[in-house]
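J.: Listed below are the residues making up each chain.
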Amino acid sequence: MGKPNLKKLTEDLGFECLSGEALLDRIPQSAYVSDLLSDVMGKAHADMMWITSQVHKNIVAVASLKELSAIVIVNERPVEKELLEQAEDEEIVVLSSNLPAFETAGKLYNYFLGVENSKS
Amino acid sequence: MQFEFDIQGGDFSSAGKASSDIKKVLKQLNIDPKIVRRIAVALYEAEVNVVAHAYKGVMKVDLDAQKIKIVLEDEGPGIENIEKAMQEGFSTATDEVRQMGFGAGMGLPNIKRNTDEMLLTSVPDQGTRLEFMVRF
Ligand SMILES: Nc1ncnc2c1ncn2[C@@H]1O[C@H](COP(=O)(O)OP(=O)(O)OP(=O)(O)O)[C@@H](O)[C@H]1O
Ligand SMILES: [Mg+2]
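Here the protein sequences line up with chains A and B, keeping their order.
Heads up: the first sequence begins at 153 in our numbering, then just goes up one per residue.
Heads up: the second sequence begins at 32 in our numbering, then just goes up one per residue.
No lab work stands behind these hints: they were computed from the structure.
Each hint should be verified, as a subset may be incorrect.
Pairs of lysine-lysine, DSS-like flavour, derived with a Cα cap of 27 Å [what the hints assert, rightly or not]:
hint	chain 1	residue 1	chain 2	residue 2
1	A	195	B	115
2	A	271	A	209
3	A	209	B	87
4	B	143	A	209
5	B	65	A	195
6	A	195	B	143
7	A	195	B	55
8	B	98	A	271
9	A	209	B	91
10	B	55	A	233
11	B	48	A	155
12	B	98	A	195
13	A	195	B	48
14	B	65	A	155
15	B	58	A	209
16	B	87	A	259
17	B	98	A	209
18	A	209	B	55
With these hints in hand, go ahead and build the complete structure from the sequences.
T.: Written out as structure tokens, the structure is:
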């Protein structure tokens, strides 16, 4: 089995896609959890998913400049339409998780681990 | 090639615009994507620092076949102690700015780490000048 794309991952983990529906064929490489933008700027790698509770528009610029695979907003935090429009423009996938950051990261961690193990 | 951008203090909704414009140019020039991403990090952190900490500033970009050189000059409170400002974790960001996810005190260290040369100078109560360079 190859690595799952965002579409499969979103379905398997029950995330909701808020923007970038057309970009879900991206294959994410791991994830990073942080609410500090310069922490993400410094430590996250391209093609990672970014788990955060930040919903300010600046997260779109960060995801775009870092070429992240997707932003995962936790706790079903409401996201302004303006952010989602900008995300569409800049080809940023925004997903919503109904769980807090810890559980969201845990689910994703196990999911990536399961994919790794099923390969060998 | 030369570019110039005005940066407005406090304007967080446009923060990152200049960085993203320059990143597009670099991609079109087929610069190594790894180097482009390093430059993008430094540009963004530098741009946001003017937005978060100064009143207004100008970012000048000078690009040739070997390197990119960026100079930001702002009018603002300046930096009292440059050495301290460069330390990871040091931040004077306001609560309002922190709520938007800034203020980890990692911006300047990120710039240092992602550039080949960096020079930060400041006159307190007047402004700050940041210059950095990345070789292709
Ligand atoms: N252009 C500037 N004008 C005035 N002060 C500045 C400027 N740039 C940086 N500083 C000072 O240096 C400190 C450290 O900057 P740095 O970018 O490392 O962290 P930050 O901006 O506070 O937080 P972060 O970048 O992690 O969001 C700032 O908190 C501020 O006190
Ligand atoms: Mg900063």
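J.: Name the hints, by number, that the structure is in violation of.
T.: 2, 8, 11, 16, 17
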